[in-house]
Amino acid sequence: MLERLAPDLHSIGPNPRNLLGIEDLQRPEIEHLLERGRFYKAVRRTEKLTTLRGRSIVNLFFEPSTRTRTSFEIAAKRLGADTISISALGTSLAKGESLVDTLNTLAAMNPDIIVMRHAASGAPHFLSRYLSTAMINAGDGLHEHPTQALLDALTILEVKGSLVGLRVAIIGDIAHSRVARSNLHLLSKFGADIVVCGPATTVSRNLTRLGPGIRLTHQMREAVRDADVIMMLRVQLERQNVEVFPKGEYFRYYGLSLEHVGLAKPDAIVLHPGPINRGREISSEVADSQRSMILSQVENGVAIRMAVLEWVCEE
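In my numbering, the protein residues as written are 4 to 318.
Take the hints with a grain of salt, since some may be wrong.
[What the hints assert, rightly or not] The list that follows gives simulated cross-link-like pairs (lysine to any residue, SDA-like), each with its CA atoms no further than 25 Å apart:
(1) 163 <-> 38
(2) 268 <-> 283
(3) 192 <-> 47
(4) 44 <-> 299
(5) 80 <-> 61
(6) 51 <-> 70
(7) 80 <-> 26
(8) 268 <-> 224
(9) 44 <-> 224
(10) 80 <-> 111
(11) 80 <-> 21
(12) 192 <-> 48
[Stated by the list, open to error] Derived CB-CB ranges, DEER-like:
(13) 287 <-> 31: 37 to 45 Å
(14) 163 <-> 132: 37 to 45 Å
(15) 111 <-> 165: 39 to 47 Å
(16) 265 <-> 108: 50 to 58 Å
(17) 70 <-> 50: 30 to 38 Å
(18) 123 <-> 221: 26 to 34 Å
(19) 108 <-> 83: 34 to 42 Å
(20) 56 <-> 208: 26 to 34 Å
(21) 111 <-> 218: 45 to 53 Å
(22) 27 <-> 282: 35 to 43 Å
(23) 255 <-> 56: 49 to 57 Å
(24) 260 <-> 134: 41 to 49 Å
(25) 218 <-> 73: 34 to 42 Å
(26) 252 <-> 132: 38 to 46 Å
Please keep in mind that the hints were generated in silico from the structure rather than gathered at the bench. The beta-carbon is built from N, C-alpha and C at its ideal position, and this holds for glycine as well.
Throw the hints in and build the complete structure from the sequences for me.
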């Protein structure tokens, strides 16, 4: 049985029952999750797994989501778990109940895992102090999106074979991107040479403190030159008080075109966490090109989230 191949994960870290961010993970823990992600990707979709049979998982999303929410649901079902998905409008929060009381109510029903996305940075960390239920951060405000960084890393590994020493350009709305922060934490642990690029209003010099090997630039051509990986970010209008740039002007300075890709290494790949805004962050020619790994990222999301669900359930 496939379940017999699962190692004793309790020995990997001091508290494997939560995944709140990449920052606190050690490199061996990341490597383990990536390896398990590769294992689960190789499993046939028709294979009936019982790894999490008898486990219950609550997906609690306070922000809109297609990729993350759906992939967590599929991942849980492929592992044999029971799942329930709840949106903010479907909870008593709409009646004035506090977030802590809502989570305590759900925890009293004894689920094994709560997967939560919330607009407040640090919300999963705060709630994990009060709950004995395992918690997975599916994105918290401007802070982190750990499973996105893990699936990005898996996608890079499949093409490049290693994360060590790669030149990675992360471009776009850095200030509002939890994806950027999680990727900066993860890639820096593997010694990547990271160039962060975006408008001056969205790139803080404090980003260099997130890890070694992080450099800043506001010049698109400089960022992509000789890059192994180009990681584009969505312009997060929902987190901005005012639009930083009009759509056409933003693409002119920070949109990825075929010309920019030509400045990268011949075998460079392009990532984007989605949803993509064609003509704002990335051209259709690039998004639909062979360099684009966007759909591979979506596919890898299911495998990585299977690995994460398995990990936090180990005792």
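Numbers of the earlier hints that this structure fails to satisfy, in rising order = Violated: hints 3, 7, 9, 12, 17, 19, 20.
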